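Student: Whole structure, please, built from the sequences with the hints as guidance.
Listed in order, the protein sequences are those of chains W and F.
Numbered according to full-length UniProt numbering, the first sequence terminates at residue 224, and the numbering increases by one at each position without gaps.
Numbered according to full-length UniProt numbering, the second sequence terminates at residue 284, and the numbering increases by one at each position without gaps.
There could be a bad hint or two in this list.
Said to hold, decoys possible - Simulated DEER-style distance windows between Cβ atoms:
1) F:S56 - W:L131: 50 to 58 Å
2) W:P116 - F:L217: 31 to 39 Å
3) W:T132 - F:P223: 42 to 50 Å
4) W:R37 - F:Q70: 20 to 28 Å
5) F:E125 - W:G159: 47 to 55 Å
6) F:Q133 - W:G82: 55 to 63 Å
7) F:Q247 - W:P116: 33 to 41 Å
8) F:A220 - W:P116: 49 to 57 Å
9) W:F76 - F:R53: 22 to 30 Å
10) F:Q11 - W:A42: 17 to 25 Å
11) W:P116 - F:Q184: 27 to 35 Å
To be verified - Taking beta-carbon pairs under 7 Å as the criterion, some of the chain W residues facing chain F (in silico):
12) L139
13) P140
14) N141
15) P144
Simulated from the structure, these hints should not be mistaken for laboratory data.
Bear in mind that the values here come from a model prediction, so they are computed numbers and not experimental data.
Note that CB positions come from ideal geometry on N, CA and C, so glycine has one too.
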Amino acid sequence: MSDFSQTLLLTAKLAALTTLLLLLLGVPLAYWLAYARFRGKAVVEALVSLPLVLPPTVIGFYLLLAFSADSGVGHFLVHTLGLELNFTFGGILIGSLVYSLPFMVQPVQAALHNVPRSLREAAYTLGKSRLTTLWRVLLPNIRPALLSASVLTFAHTVGEFGVVLMIGGNIPGQTRVASIAIYDAAESLDYARANHYALVLVGLSFAGLLLLAAFTKRSASRLL
Amino acid sequence: MIDLHLTKPLQTAHGPTLLDVRLSVTAGELVAVYGASGAGKTTLLRLLAGLSRPASGHLRVGNEVWYDQQSGIWLPPQRRSIGFVFQDYALFPNMTVRQNLEFALPDASGKALVDELLELMDLGELARQRPQQLSGGQQQRVALARALARQPRLLLLDEPLAALDVPTRLRLQQALAAAHQRFQLTTLLVSHDYAEITRLATRAVELDGGRVVRDGLPSAVLPGTDTAPNFQLTGTVVAAEPSATGQTLQVRVGEEVVTVAVSAATPYQVGDTLVLTGSVQRER
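Tutor: Below is the structure:
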């Protein structure tokens, strides 16, 4: 496989896995934040939103420290679980999950919050559990938000640079994603290669947004 | 059948107060709950359904304890045999009319009941539509049918007919009365409409400031109600349309045209002369 397609495949794999895992983790978290009332909710919400405002290099730097065997967490990861995360695909995957978390949680939380309360209550009075209600009533009614959150998470992960560079470096087939490859190529004055990567990213992003617009329009006309 | 004493702090326009209701309801009764807004009518229904938690008291339905402060029992709505019809209907937009009803079935064996309810509520033609394509009256019938699909013992209706025009409302009152009979329900209905209460309810309970202030036969407790017909008008039928329960007529009385729902054995014709009688009460 050429270096070019290997890099693009790795990028797609990272973004797809990040999106999938964030759907699994982010939807329950969004559900909890949308409906639960507890002390310290503002703190949890601020933590979830933190990656939006922090420089990616800061996230990457602290994850780099956390993953290294010298730290308490890293010692546990490396010596007890045998997980070496710095400069590996697993490491940049965890970095991406942290970095893109708000892009999944915030839209889903807002959408759940906007579903009329009586829909949930109606399902409860019909004898349905919270899980059944989430699966059969709430999620189908926030499909547009789930879709746009997934597209944004995917795109945001493709575009990440600072986090990956800090904890992943630039290892072909392991941690060299498209954004790193562009930087690498441009730095070594190989503008043609940088341009190839960049064009693919522009094309994909544009197609993704078009697709999203088409889907949103369709489901909006179906649900409203 | 129901024996309750429930308390719950209320927030009203006139400041905080305490809902404190004692009530005992016999199986098969259709109890109308009325009173000024903020009196606690909706709160009472939500406490019965388990959608809100009472501050203290007890709630027994049949042989079951649904809530008892002393022994710390509180059943969630899922474990109470209730049908709840919400003011905004709360139909699931992602499901068709039939799917809304099927979702409410306790198990998959109730398909025949869904068909019966669609028939009873005159929804057969609409079974494949989605709720947002329906009119207010149609949505209301779906909401009622869905609540019945769970086969509840206790039916709770939160001002279900308030937003509908008069002919639709009359038809739905008939549908509600039919369902109450057919499924041998005990029903609590929040209503502002004295005519509706008189027509439907076997008992009327007035709440004021969170407490029961009147309780008895609708004819006895409703203010200004005189159940004996005390006026008579003559009019001419100018339009007659068949409806689910009979006919909807436009009748000209003097210069005015009024709409009435009727269910006569022989249909009325345009041009027929009718005598309208009824009772008079102060508008509230």
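Student: Each hint should be assessed against the structure and marked as holding or not.
Tutor: Tested hints:
no., hint, result
1, F:S56 - W:L131: 50 to 58 Å, "violated, 31 Å"
2, W:P116 - F:L217: 31 to 39 Å, "holds, 37 Å"
3, W:T132 - F:P223: 42 to 50 Å, "holds, 45 Å"
4, W:R37 - F:Q70: 20 to 28 Å, "holds, 26 Å"
5, F:E125 - W:G159: 47 to 55 Å, "holds, 52 Å"
6, F:Q133 - W:G82: 55 to 63 Å, "holds, 58 Å"
7, F:Q247 - W:P116: 33 to 41 Å, "holds, 36 Å"
8, F:A220 - W:P116: 49 to 57 Å, "violated, 39 Å"
9, W:F76 - F:R53: 22 to 30 Å, "violated, 42 Å"
10, F:Q11 - W:A42: 17 to 25 Å, "holds, 23 Å"
11, W:P116 - F:Q184: 27 to 35 Å, "holds, 31 Å"
12, L139, "violated, 9 Å"
13, P140, "holds, 4 Å"
14, N141, "holds, 5 Å"
15, P144, "violated, 12 Å"
Comparing the model with each earlier hint shows violations of hints 1, 8, 9, 12, 15; every other hint is respected.
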